[in-house]
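K.L.:
Take a look at the letters that make up each chain.
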Amino acid sequence: MSREDYEVVIGLEVHAELSTKTKIFCSCPTEFGGEPNTHCCPICMAMPGTLPVLNEKVVEYAVKAGLATNCEISRDSKNDRKNYFYPDLPKAYQISQFDKPLCEKGYIEIETEEGTKKIRLTRIHIEEDAGKLNHDEYGRGSLVDLNRAGVPLIEIVSEPDLRSANETEIYLRKLKSILEYIEVSDCKMQEGSLRADVNVSVRKKGAKEFGTRTEMKNMNSFRSIVRAIEYEVERQIDIIEDGGKIEQETLRWDDVSGKTFTMRDKEDAQDYRYFPDPDLVAIRLSDEYIENIRKALPELPESRRIRYLEEYKLTEKEARILTSSKYLSDLFEEATKISNNPKAVVNWILSDISKTLNEKELEPDQIPFTAENLAELIALIEKGTISNTIGKKVLAELFENPKSPSKIIEENGWVQISDESAIKEVVLKVLSENEQSVADYKAGKEKALGFLVGQAMKQTKGKANPQMLNKMFIEELKK
Amino acid sequence: MKVSKEEIRHIAKLANLKLKEEEEDTYILHLQDILNYANIVNNANVDDLEEAIGVQDKYNVFRKDEIINFEDRESLLQNAPDKENGMFKIPKVL
Amino acid sequence: MNITELTVHELKEKLDKKELTSQEITKAYIDRINEKEKDVDAFITLTTEEAMKQAKEIDEKRAKGEKVSSYAGIPIGIKDNMCTKGVKTTCASKMLENFISPYNATVVEKLNNEEIISLGKLNMDEFAMGGSTEYSYFKKTKNPWNLNKVPGGSSGGSAAAVAAELVPFALGSDTGGSIRQPAAFCGVVGLKPTYGLVSRYGLVAFASSLDQIGPITKDVEDSAILLNMIAGHDSKDTTSQEIERKDYTKALKNDVKGLKIGIPKEYFGEGINKEVKEKIFEAVEKYKELGAIVEECSIDVADYALATYYIIACAEASSNLGRFDGIRYGYRTKEFENLKDIYRNSRSEGFGQEVKRRIILGTYVLSSGYYDAYYKKAQKVRTLVKKQFADAFKKYDVILTPTAPTVAFNLGERSNNPLEMYLADICTVPVNIAGLPGISIPISVDKQGMPIGLQLIGNYFEEEKLLNAAYTLEQAIKFRENYKPEFKK
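Protein chains in written order, with the working numbering: chain A, 1 to 479; chain B, 1001 to 1094; chain C, 2001 to 2489.
Just chain A, same shape as in the assembly (with noise of 0.2 Å):
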């Protein structure tokens, strides 16, 4: 059989952690980075006789998410203690939810290829993030860091309903900006602020059956994820059609060689033992309680979607890449604030800011300068301070070193020359230097005259006003 013959089947539990100013069960601050051990305190330490405390922001974030994602929320939830040794784990118990997740039964749509799609979300439930293990000097031992223990963790778990790596990455990308866009989470992938772990089975087409699945955990990049899902799928596969079987077990993606690895040997089959936690107390959201925190959500991308067309006459698909992230939709409305142009803030976010993310290897979250700073661009372009070609060379200086347009211009003598005298004796230069081209141009070469006007940017370090060139370029040759 091959390849096609395969349905591909995946399930998502993503992690996010919550953007609250404190941890989940202590009033440490969730603050990334840091030296070690200083975000801590006896009770995320697990110092004996401490006790956690639940941070009511943790539990309106969770909802915040859970209305947000179509969720039904439980009026009745509790915290469970998940029960295992690891070095991040100070209590040796992780604070989760079990059977009663404060949301369940939601789905989000995806646009895909074939259409729209609605993936199902079992369940989002609270838990506290662990630890950090480093490596000492020597690489000898590993060194114990808590500064991220009890940091808040939203879990939000998939249906199987995903049957591709591409399916994948846009459910992500739009779980990633709905959690953006109401402002529970930063998602920041590259900090680990949202990370996934990934279930991949394959069956063969038909087959009503699930395939036995793999676990790959803590993915937390698009592109990584995307290749561990196509590496194991033809891994599956191949062993299939190999007449072997697919062993359930969880794995470790290399993103260096590009393969997975079995991560736990098998003898060490875990039993979690979870119970509802005694030292924490039950939850009973009220309907008041609920309705409050759905009329307080902010605007989605499905709405400020369908406003862009309206509101700002973009075109569809414009509209849509825009509101994929609420970075890109953010900087778009600010921007168009302050310039009164949606059209060429849209192009420039769409062409050249895109076209450098994607080089740079940037999320959106990453963009280093402000609405301010291109929108200020843009006006000096439509002013005629600055040549659009020069307005591109700002733009990649924005994203080194980001500070005001026209001080990177003035820094850098980009002004644009509008001068007639000065922008005239650049022209009788390149004609005379280009006799040939003056030639064709009269011989009826309309094209000559695009290189002579290029030929005149060159000498100006394209700082010569365009227009004006082209003006009088057509003047002198009329001679």
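FYI, nobody ran anything at the bench for these hints, they're computed from the structure. A few of these clues could be false.
Anything over 12 Å on all C-beta distances counts as not near chain A; from chain B, calculated [stated by the list, open to error]:
id, residue
1, Val1003
2, Gln1032
3, Ala1044
4, Asp1048
Here are the simulated DSS-like pairs of lysine-lysine, each with C-alpha atoms no more than 27 Å apart in a straight line [as the list claims (entries may be wrong)]:
id, chain 1, residue 1, chain 2, residue 2
5, B, Lys1005, C, Lys2340
6, B, Lys1018, A, Lys82
7, C, Lys2088, B, Lys1089
8, A, Lys78, B, Lys1058
9, B, Lys1020, C, Lys2340
10, C, Lys2376, B, Lys1005
11, B, Lys1092, A, Lys217
A virtual CB, placed ideally from N, CA and C, is assigned to each residue, including glycine.
Fit chains B and C to the supplied structure of chain A, relying on the hints for placement.
P.N.:
Frame of chain A; chains B and C shown alone:
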């Protein structure tokens, strides 16, 4: 209630305890004894009753999302059996 | 005047009248410790030097006319499972032999605010698991009434220290009887408050849904005084209740006329020693004379409660004690090559037999395949126990039982049979399962001269009623005036 050697070993492993051979035997006996007694909970007629998480009917005790820094970092590390660069040191974990 | 014989309320009077200074009181207790501690072995850590320093400061404040708290300068002893910043908190375990907490337990903070002076940390069964204090890693505490007998447990150090007058009063903790049973064995007063009345923050957890801190004192008035100091809502403990602040000493009316007392017949079965029963019934007669209305009643879930107790307590303990892994604090094995060795060897070498036994039992009942049969079932039985008590309190103000089936037993007598040991908790455990308050007061001694305790159980947050009932009986019986520990060898 019979508890097997494999079971006690599995349980010890989950609990991260290392039992000597003779300890295994004693614990099996004690565990069986206590479980046999504890089995009387299965005689209680509790079909219509809810499980009690604790003894209280309490809900929604939350904290405000406000930072309080714990200043005395030294005291958090002072009991560590082994530490390096302000972190707890353990044998290498892959 | 023999200072160490005085109760806390008597000491306060003398301080107020300037007949005594804090230094005189503290010094008297230190002298007494120097004399008797070698026989009793109640302390794990002594902080006498620091105590004298504090006593001096408080005396100076008093002399200068500065404002001090009502009971400022009176010493106390603290069970060694409550965290004290700067002083070792060992839980009587090798695991925490050198552990110094980075923070104070809420109760310790409260005592500091009251300017109460700690004389040291008191012995207990390791991690509060046991009923004789024989499971301490460090030492076996002896019963001051007879040094060959156990003081009870797990707060055996606290009860023995109060009985031997090594401290005027002490804090204990009670998960299944660990305050009341040693109080009964040592002839002192032990109160387990309603679950949620006293903050558990900083109490090293044994079983979170059952643990509660309470006073061990010479008399009921002192119990009310210490409860005043430690009770109250704490935002660090979500199971702590927001209830109105009360002065429990005001509840001591020495009047039980019309008080309805229920006597559950199941608590007087064959497991209960005959002499204990007789003395309890004498006390019941006393209550009748005092005008209380006494009726026999039925609470037939005692067996279930005990089985439930061991399932729930061990399950919670198995999880609570996971944090002792030899990484951030506590004992770390010398024998290790990898992480697994650190975990297994540190825990196996650092925990004692009884602690390991309970971790194994708790892990077992939570493990997959057994959860429903044990833990889940036990949680339902817990609801049943609560219901039965709720029904009883519709009819009665308090419920009266023996505190323990027997008086204190000989050292070494029972420690090899865990089930037998567990069965001795049958009278006290249902109170924790239901989360109710219970108090043990000494009522008499048996033929060998060992004290017998009577337990009163109250409804939720009705400590006032409970204390008044206990106080009134105490005033009528005058146990302290009739009996004294003799340090029999």
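K.L.:
In ascending order, which of the hints set out earlier in this document are inconsistent with the structure?
P.N.:
Checked against the structure, no hint fails, so every one of them is satisfied.
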